[in-house]
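There are 2 protein chains.
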Amino acid sequence: MKFYNFKGERVFTPGPVEIPDRIREVLGRQIIHHRTKEFTDAFLETRELFKKILNNSSDNFVFFASSGTGSMEASVQNFFSPGDKVVAVVGGKFGERWAELGKKWGLEVIELRVEWGKSVDPERVEEIVKKENIKGVLVQMSESSTGAYHDVKALGEITKERDTLLVVDAITALGVYNFNPDEWGIDVVVGGSQKAFMLPPGLSMLWFSEKAKERLNDRAYYFSVKSELKKQVEGQTAFTPAISLILGLRESLKILNEVGMENVEKKYERMARGTREALKELGCKIFPENPVISLTAVLPPQGIDADRLRKVMLEMGVRVAGGQGKLKGKIFRISHMGMDLLDMVHVLSAVELALKELGSKVELGKGVGTYLEVISS
Amino acid sequence: MKFYNFKGERVFTPGPVEIPDRIREVLGRQIIHHRTKEFTDAFLETRELFKKILNNSSDNFVFFASSGTGSMEASVQNFFSPGDKVVAVVGGKFGERWAELGKKWGLEVIELRVEWGKSVDPERVEEIVKKENIKGVLVQMSESSTGAYHDVKALGEITKERDTLLVVDAITALGVYNFNPDEWGIDVVVGGSQKAFMLPPGLSMLWFSEKAKERLNDRAYYFSVKSELKKQVEGQTAFTPAISLILGLRESLKILNEVGMENVEKKYERMARGTREALKELGCKIFPENPVISLTAVLPPQGIDADRLRKVMLEMGVRVAGGQGKLKGKIFRISHMGMDLLDMVHVLSAVELALKELGSKVELGKGVGTYLEVISS
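Protein chains in written order, with this note's numbering: chain A, 1 to 377; chain B, 1001 to 1377.
Here chain A stands alone, though its shape is the one from the complex (with noise of 0.2 Å):
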């Protein structure tokens, strides 16, 4: 079946992300000199309205011209030193990352491996740090290569009392729950724009705790949080900023502020509960156990292999991802971050089709009707 689409392949990806046309009015204007009050102003603007995403009023974050993991190094390389034991939950390729980043920087890891597409348990985690001296604990909220969710409240509860930092990757779940690091107890908080911010990649966002503050070194040249922050609350950067994803951002949280993060998150919550019924109507298997709500991992039925899959849904100009690291090939990816509520009928057409092409017996429509029950219900 061919399809003769005249509009471009449609993006379902968990990162990037499609970008609305209010962002995308923004991006593409001319660009503005950002050693100016114009940039000052925006800038501040920016943060203030990033404030209210996180239910917090601190001062205490850094945006940083990079992808997401250049934050996460920046948190490794600011907040310990050489020889600091610390934790890193490994249940994917975000969870090595971690690791990764830890050794590199002369850190002593931990690496608490979990059998990917499950969550941490809390209390292997507590065990540990009731034995030993442990500086840190890095995690992922979101561990976007399986689609599980770590419980990042449960641990905080752990840290909270101690000399331990709770560094989270929330780059798949910033501006896409409810966040409220304060609340939670967590010490950093890692973000990227191309993903629930829906913009570009080339913008990654810090914040910390006064617990995190205290502990800043000053390893880091051009991620040192330390030189960011004093210009950044004057509404200045150390280093040459990603203006217009700056400006861009300004626009998102503009968005995601107008819609409020309570729904924001219930929005995804009822989509995400949505596309998961849907998919096992139709023979599919949710990878994790606990799935995060920004994005949905998926074992095709038996005997269908996911990659081709996906390229027949690519043919139909629509694209998800596939898996990464051992998961290649096993599992597909959609993302919800972005997406509308109406946007999932478009990729559950696509998967059905796609079945169906690859010889699973498939009822057309009735995944989406599935959905449609699920979101209206």
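Please keep in mind that the hints were generated in silico from the structure rather than gathered at the bench.
Each statement offered as a hint is correct.
Straight-line Cα separation of at most 27 Å, BS3-like style, residue types lysine-lysine; simulated pairs: (1) K213(A) - K130(A); (2) K1007(B) - K51(A); (3) K280(A) - K1356(B); (4) K1254(B) - K311(A); (5) K37(A) - K52(A).
Cβ-Cβ distance ranges computed for the label pairs, FRET-style: (6) E1025(B) - K266(A): 33 to 39 Å; (7) K266(A) - K1280(B): 33 to 39 Å; (8) Y222(A) - L1044(B): 50 to 56 Å; (9) E1100(B) - H33(A): 54 to 60 Å; (10) H33(A) - S1057(B): 51 to 57 Å; (11) G359(A) - L1044(B): 47 to 53 Å; (12) K37(A) - Q1030(B): 23 to 29 Å.
For each residue, glycine too, the CB sits at the ideal point set by N, CA and C.
Fit chain B to the given chain A structure using the hints.
Just chain B now, kept in the frame of chain A:
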């Protein structure tokens, strides 16, 4: 049910239609001056690409900086003289426009009234042209107010051998059907940018046969075909052209020619057929007897007000058109123009949810399933 959309409204009206990114990028570029070689080259290329859409190699066509009605008026002004007797097929709002224009410019208009939603019986036209000296037959190929198709090929058989021009408003037909005015015996073809050419409004197209060319007079000023033609075959215009829209049209014609008009027509035919089967499954009726493939005009199920339904859909971020003139509140209209096959599941899902919300007994997913069944079989 709240949708909390991040993205803007989706536009499923039969004009304007959504603009593909490839075209938006061109439209967003800095203006170029029109009295330059750059514009002339682009304009001549656009003209060559336009010929292919009509399966024709003639240079007998002009573009006007106007909406479609401009080229309708130009047809009446340039090819007819006061006192000329013409037949106007009046079976909807746009048929009425032909009659109004004819009278405005002094023609003796015989209004051939057709019940709204019905298509004209060619025999009725034949009867008149046999009896009287009819200079022209003015008709819509696609009467977008009712969604009805008038059989211009059958009319062409009638006018071909006579001193009668067949003037076709193809505003919602050109770029949809694999048009062939020579073969079909059409003398004047009117098109508009904001329909199947997927551009903003503001550019109209006027093609004419050799037989029509012999009739060209000097009545018009802004809409003078003679003076525009003389310039346009050389890559220039008599008056300032809609520069950005011309450049956008070049991109649009590239897209249509890449797909090929034969495939474009097949795609729309499949989309229209699927949409209709889906809507019938949901208890709706298709309004016109012999519908076009560019749009679908729909009667909602008994007891559901069309405008109320549209309002509920609009709250979901989905815009469809209402009825015009005497059909206001009675029907709603969905465009296929500019759409890709999977786009229809978005609007059909919205129809399903809206019908359910308004108390209609709807098995969610049933319409979408029917649609996917039709397009994939």
